[in-house]
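Visitor: Here are the chains, one letter per residue:
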Amino acid sequence: MARRVKLILQAAAVLVVASLVALLGWQVARQEEGRGLAAAVERGERPLAPQLEFETLEDDGTIRLSDYRGKAVVLNFWASWCEPCKKEAPLLQETWERYRDDGLVVLGIDAQDFRTDAREFVERYGLTYPIAYDGNGASLGRFGNTGFPETWFMGRDGRLVGEHIIGEFDRQQLEENVRAALGTTR
Amino acid sequence: MRRLSLLLVVALLAAACGGGDDETPTLAELEKKFICPTCQTTLELSNAPVADRMRAFIRERIAAGDSESEISAALVAQFGEGVLAAPPKEGFNLLAWVLPLAGGAVAIGALGVALRRWSRTRAEPGTAAPSANGRPPLDPELERRLDEELARFDG
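Protein sequence lines, in the order shown, are assigned to chains L and X.
If you read the first sequence in the working numbering, its first letter stands for residue 1, the second for the next number, and so on.
If you read the second sequence in the working numbering, its first letter stands for residue 187, the second for the next number, and so on.
If we strip away everything but chain L, and leave its shape as in the complex, we get:
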């Protein structure tokens, strides 16, 4: 009887340790996924964008990246407290207005931010493109982002294309990458 109890306790201990190791492995794999994405884009490869789902900033629905298959997408990670993001916002709005009929979507992903601050920001800069809200910043790690702003470009086939821009972009850089995304086929 005592031996049986001992065996059960040993099995339980092994199970607990194995679960903790598996959890650690899963966490590391997710972090590596993001880092790998940035490295692949830098090598000129076209990895599939992570399949993420967000709340809308207005909290009236969800936005899935997979919803944009067939469209070229500018993925701009921003926050209302980020100074360079304030300079990028008008340029993103202008780009959205100019290319939306060609099949371009600008998707702002507001992360690690107060929802109310973000709404004020959107109103102040007159942004009409879709804005997703990621309060705890879970999506940042999936892309391997390390700060704000960061911008990615997704082709019509759901694969990343062009540059991964860390920090503020300029007009020409945005234009070139938008054209590269629009040039992809589904």
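By construction, these hints were calculated from the structure, which means they are not laboratory data.
It is possible that part of the hints are untrue.
Covered stretches of chain L, as calculated for chain X (at least 3 residues, CB under 8 angstroms) [as the list claims (entries may be wrong)]:
| no. | stretch |
| --- | --- |
| 1 | 110–116 |
| 2 | 126–137 |
Some chain L residues near chain X, calculated using beta-carbon distances under 8 angstroms [said to hold, decoys possible]:
| no. | residue |
| --- | --- |
| 3 | A79 |
| 4 | W81 |
| 5 | C82 |
No residue lacks a Cβ here, since even glycine has one placed at the ideal position from N, Cα and C.
Using the hints provided, position chain X relative to the given structure of chain L.
Guide: Frame of chain L, contents of chain X only:
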């Protein structure tokens, strides 16, 4: 002894599960309890823009008379549970508080049992017949096998 151990475990669990102070907190107190999401340090150690904004938010809420738990709930609603420097003492997160204490209690208990057994064997050396040379007696099974071997040589 057993009752004392039980009381100790109950006291430790009660301390871990005890509710927070819901009187009006100070900014200095709360800065230690929340994490800046961009730099992953407590607010008191961070000068990141988002940490400044969080401090301003906390100041506003304190001025409005919110309790610590209300401010905490508001920050968690915006940034998720990762904004808390320590996991909340409820639901699944309670395990993070209880498991180390339970583990410590089990370790202390196991050590106590082991020490008790050890001291009992030391205190009762006369349970087996003492050997002629004063050394501890042989295991009976070993002694039987030894006798068998010696008998084979003698035979």
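Visitor: Which of the numbered hints are not met once you compare them with the structure shown?
Guide: none
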